[in-house]
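Based on the hints, put chain B in the right spot on chain A.
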Amino acid sequence: MTKIKTQYNRRSFIKVSAAAGGGMLIGFSWLTGCVSDTNVEKVEVPNEWFDINGYIKIGDTGLVTIYSPNPEIGQNVKTSMPMIVAEELDVDWKNVVVEQAPLNTGFYQNQFAGGSLSIRLSWNALRMAGATGRRMLLEAAAKEWGVPVLDLNATQGIIKEKNGERTITYGEIASKAVGIEIPKEVELKDIKDFKLIGTSVKNVDAKKIVTGQSLFGLDFKREGMQLAMIQHPPAFGMKVKDFNEEEIKRMSGVKDAFIIDTSIKDPTWSDEKGFLQLIAIVGDSTWQLMKAKRAVKANWEVISELENSEMHLKNLEEAIASGNVEESRKDGNPDAAFKKAAKIIERTYSSPFLAHNTMEPMNFFANVTDTSAELIGPTQTPEALEGSVSKLLDMPIENITVDMTRMGGGFGRRLYVHFGMEAAAISKKIGAPVKLIYTREDDMTQGTYRPAYQSRYKAGLDENNNLIAFSVKGSGLPEGSVFPNRFPAGTVDNYLAEKMSTKTNVTTGAWRAPRSHFTAGAEQSFLDEVAELAEKDPIDFRLELFDRAIKNPVGEKHEYDAERYAGVLKLVKEKSNWGETKPGIHRGVAAYFCHSSYVAEVVDMVLENGHPKVKKVWCAVDCGIVVNRDAAKNMVQGGVIDGIGHAMYSQLTFNNGAVNENNFDRYQLMRHSQAPEDIEVFFVENEIAPTGLGEPGLPPAVGALANALYQATGQRLTKQPFANHIKTKKLLG
Amino acid sequence: MPTFQLKINGESHTIEADNDTPLLWVLRDQIDLVGTKYGCGIGQCGACTVHVNGNALRSCALQVSQLQGMDIVTIEGLSKEGDHPIQKAWLEHDVPQCGYCQSGQIMTAAALIKNNPNPTDKDIDSAMDGNLCRCGTYVRIKQAIKTASKL
Numbered sequence: 000m001t002k003i004k005t006q007y008n009r010r011s012f013i014k015v016s017a018a019a020g021g022g023m024l025i026g027f028s029w030l031t032g033c034v035s036d037t038n039v040e041k042v043e044v045p046n047e048w049f050d051i052n053g054y055i056k057i058g059d060t061g062l063v064t065i066y067s068p069n070p071e072i073g074q075n076v077k078t079s080m081p082m083i084v085a086e087e088l089d090v091d092w093k094n095v096v097v098e099q100a101p102l103n104t105g106f107y108q109n110q111f112a113g114g115s116l117s118i119r120l121s122w123n124a125l126r127m128a129g130a131t132g133r134r135m136l137l138e139a140a141a142k143e144w145g146v147p148v149l150d151l152n153a154t155q156g157i158i159k160e161k162n163g164e165r166t167i168t169y170g171e172i173a174s175k176a177v178g179i180e181i182p183k184e185v186e187l188k189d190i191k192d193f194k195l196i197g198t199s200v201k202n203v204d205a206k207k208i209v210t211g212q213s214l215f216g217l218d219f220k221r222e223g224m225q226l227a228m229i230q231h232p233p234a235f236g237m238k239v240k241d242f243n244e245e246e247i248k249r250m251s252g253v254k255d256a257f258i259i260d261t262s263i264k265d266p267t268w269s270d271e272k273g274f275l276q277l278i279a280i281v282g283d284s285t286w287q288l289m290k291a292k293r294a295v296k297a298n299w300e301v302i303s304e305l306e307n308s309e310m311h312l313k314n315l316e317e318a319i320a321s322g323n324v325e326e327s328r329k330d331g332n333p334d335a336a337f338k339k340a341a342k343i344i345e346r347t348y349s350s351p352f353l354a355h356n357t358m359e360p361m362n363f364f365a366n367v368t369d370t371s372a373e374l375i376g377p378t379q380t381p382e383a384l385e386g387s388v389s390k391l392l393d394m395p396i397e398n399i400t401v402d403m404t405r406m407g408g409g410f411g412r413r414l415y416v417h418f419g420m421e422a423a424a425i426s427k428k429i430g431a432p433v434k435l436i437y438t439r440e441d442d443m444t445q446g447t448y449r450p451a452y453q454s455r456y457k458a459g460l461d462e463n464n465n466l467i468a469f470s471v472k473g474s475g476l477p478e479g480s481v482f483p484n485r486f487p488a489g490t491v492d493n494y495l496a497e498k499m500s501t502k503t504n505v506t507t508g509a510w511r512a513p514r515s516h517f518t519a520g521a522e523q524s525f526l527d528e529v530a531e532l533a534e535k536d537p538i539d540f541r542l543e544l545f546d547r548a549i550k551n552p553v554g555e556k557h558e559y560d561a562e563r564y565a566g567v568l569k570l571v572k573e574k575s576n577w578g579e580t581k582p583g584i585h586r587g588v589a590a591y592f593c594h595s596s597y598v599a600e601v602v603d604m605v606l607e608n609g610h611p612k613v614k615k616v617w618c619a620v621d622c623g624i625v626v627n628r629d630a631a632k633n634m635v636q637g638g639v640i641d642g643i644g645h646a647m648y649s650q651l652t653f654n655n656g657a658v659n660e661n662n663f664d665r666y667q668l669m670r671h672s673q674a675p676e677d678i679e680v681f682f683v684e685n686e687i688a689p690t691g692l693g694e695p696g697l698p699p700a701v702g703a704l705a706n707a708l709y710q711a712t713g714q715r716l717t718k719q720p721f722a723n724h725i726k727t728k729k730l731l732g
Numbered sequence: 000m001p002t003f004q005l006k007i008n009g010e011s012h013t014i015e016a017d018n019d020t021p022l023l024w025v026l027r028d029q030i031d032l033v034g035t036k037y038g039c040g041i042g043q044c045g046a047c048t049v050h051v052n053g054n055a056l057r058s059c060a061l062q063v064s065q066l067q068g069m070d071i072v073t074i075e076g077l078s079k080e081g082d083h084p085i086q087k088a089w090l091e092h093d094v095p096q097c098g099y100c101q102s103g104q105i106m107t108a109a110a111l112i113k114n115n116p117n118p119t120d121k122d123i124d125s126a127m128d129g130n131l132c133r134c135g136t137y138v139r140i141k142q143a144i145k146t147a148s149k150l
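If you're matching them up, the sequences are chains A and B in order.
The letter at position 238 of the first sequence is residue 237 when you use numbering that gives the first Met the number 0, and the numbering goes up by one with no holes.
The letter at position 123 of the second sequence is residue 122 when you use numbering that gives the first Met the number 0, and the numbering goes up by one with no holes.
Mixed in with the good hints there might be a few duds.
Heads up, simulated BS3-like pairs for lysine-lysine below, C-alpha to C-alpha not over 25 Å straight-line [what the hints assert, rightly or not]:
id : chain 1 : residue 1 : chain 2 : residue 2
1  : A       : LYS175    : A       : LYS161
2  : B       : LYS121    : A       : LYS201
3  : A       : LYS201    : B       : LYS149
Which stretches of chain B does chain A cover? Using the computed rule of at least three CB atoms under 8 Å from a CB of chain A, they are [what the hints assert, rightly or not]:
id : stretch
4  : 30-38
5  : 48-59
6  : 107-119
7  : 134-141
Note that these hints are calculated values from the structure, not bench results.
The model shown is predicted, which means the values in this text are computed figures rather than measured ones.
Beta carbons are placed, not taken as given, at the ideal position from N, Cα and C, and that holds for glycine.
Just chain A, same shape as in the assembly (with noise of 0.2 Å):
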């Protein structure tokens, strides 16, 4: 066992276990969307609970409550976080059930659905958690009995004596455990002593989504409660000035109808957004808005540059030109390098901007009072959205409270904060609980936006077709995508990474792997290219790159461990039988390190009529210790999936800075028909703690796509979204 010193301080266990006993961890009963139901059939529902800590409830029948800190975007922390305290604690998954917790900065941390960090981050803390409850049910137990601590062993929720007979239950011994004092340090179990960890658990959601109740933000309803819409400007760099407000107000179904200001002092990132004031229509039937949304008419003001594609590519390519460096690394001379060169190749790659489109438009209930402010919905940022609104309303952070829903999707969307704010203005302005709903329309439009790239590689070859100079320049709107100190950084001897950023009005913001998405497109697909042109294998390619990286790095330092790097190279290489050929199959690869975590993948593609499709993927993943393995898997085959589908078929164009796409018969999402047969995940087994998994799987995706277009179609496509550049008619001929 590895013992650990416990982070919490007895003070922040008693905040919380006395809030729980109050009634706050567990009163919003609203939701019983929030309380997992798998399991309750099979073990009686407790007469009495315990609160142990404030992730741990356990009632008189060994039912079991677990607590999950953070937002649920369908990255199954709901399920795999619980896991982790489960395991610690050592009780039967059978007997668990689990509820959302809502925002407490008081005690959980990092309560937030980002950067694919909340395993990662929380990993010591929930392991902590579960080992603490056991603990503390141990001394229990050995109080009760009269034998030390060390006399007793506990296993799936039973303690028993090890030298003796007697045996008593988590149930049993739980109202005992409330008294006792936290333990100073706690025994962590060893890796491999674990049961629940590493072995596929079931969403302890999916039963209700399968039967459809009432789990989600805009799902939710309260008594009283208005319904609400909002009419942004049609276009970037427009303002409201006024709207046919009377004509509006008279319409059926519509309560009030009037302009909110959500411009606040000092705002953050995560405060980002197209439009500050927006014209808001309350009522009681949403059909009945959506028909007052559509007769509003309104006068806008111009008031910065109304912008258009053409000028957003004219933009980034200036931006590259300019020189104006944010960020960079330069090894060795890649000038000089470049001129001795015997072979060189530059190619320059693109990508449009795109919308996050979760299934579940945008959404949020606000019921603010004179004194307080009760926000409920999906946001994947709940400690971000109750200091704005805070800000937003001058009010304490203390009066406010966030409880999360689940959520229909994030992909980054809801990491911004503005529509739980305009919920609140509306909420303050009519004085009366309100559930504001965007329509898809409004979703698309709004803006917070994945940025568009542009990136210029070049490589040069010896005469002997060693990879002796290579360069990436690359700009966005707003950010250039370029990682200067990741791979092949530390891999060429003669090195030059630059980033550059340039201005647009359209707002945007993270949107899955931010950034990694473009660049292992971009980088990966370039590889390819140089690989060939070095007359070299691509996984042989990169494997020689990644062998200097181990052995005799160039400059001071690289982001990543090129021997995990190199792993699932390998093991993609191994499991998809790499240098097999099949008739009519042709094959692309990439591997790509981010948030932490490697992927490797293999893509399959057939022509069907002449047209690309992707058949089969193989993925090869090292994330470290994987929690729940299926789930797991589900999440690596949604990036893929996500990765694919966008590269392909998406993109968000601009018109006198309107949106031209603004749902989705315009804007393409991938389809089944158009989904990979079958998406095969391995992974690398390791001891390592674990790292991200909502992210990774997808950046690789879009470079193993492009290379196996390449093979299938014969064009190296370098502009997304690939299907509008295929040359179908050279692919007949």
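Frame of chain A, contents of chain B only:
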């Protein structure tokens, strides 16, 4: 405001709504059946799929005034215990990620296997193509439909 008699999940409901109100909003706002989801409002995403006289249709595109006398089934009424073969297969394959689109996927899939008990991959693709899943659970959905067809 006009009133309508709707038969939903075997129960009769008297609804007061504008003629052009989509069934989706009647279900969600007025009958508290929130399993049927709003995704696009223009029949492009399938999140709002329900059964009308056994056919999988988009409830965002069905006006309340067209539906009197029809047999409407929502995800909540697909089975009493949540044990329709499609629902069971969905649980077995642990299909959902975020879960938002899944009631629509399940309703489309349930109608598919009722009419075509042993669908091929092509049959599945063509029946399911109108149902978007942003999380990318397509591979599992296909596997689950195949499993359900054997249940």
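Tell me, in ascending order, the numbers of any earlier hints that this structure violates. 2, 5 and 6
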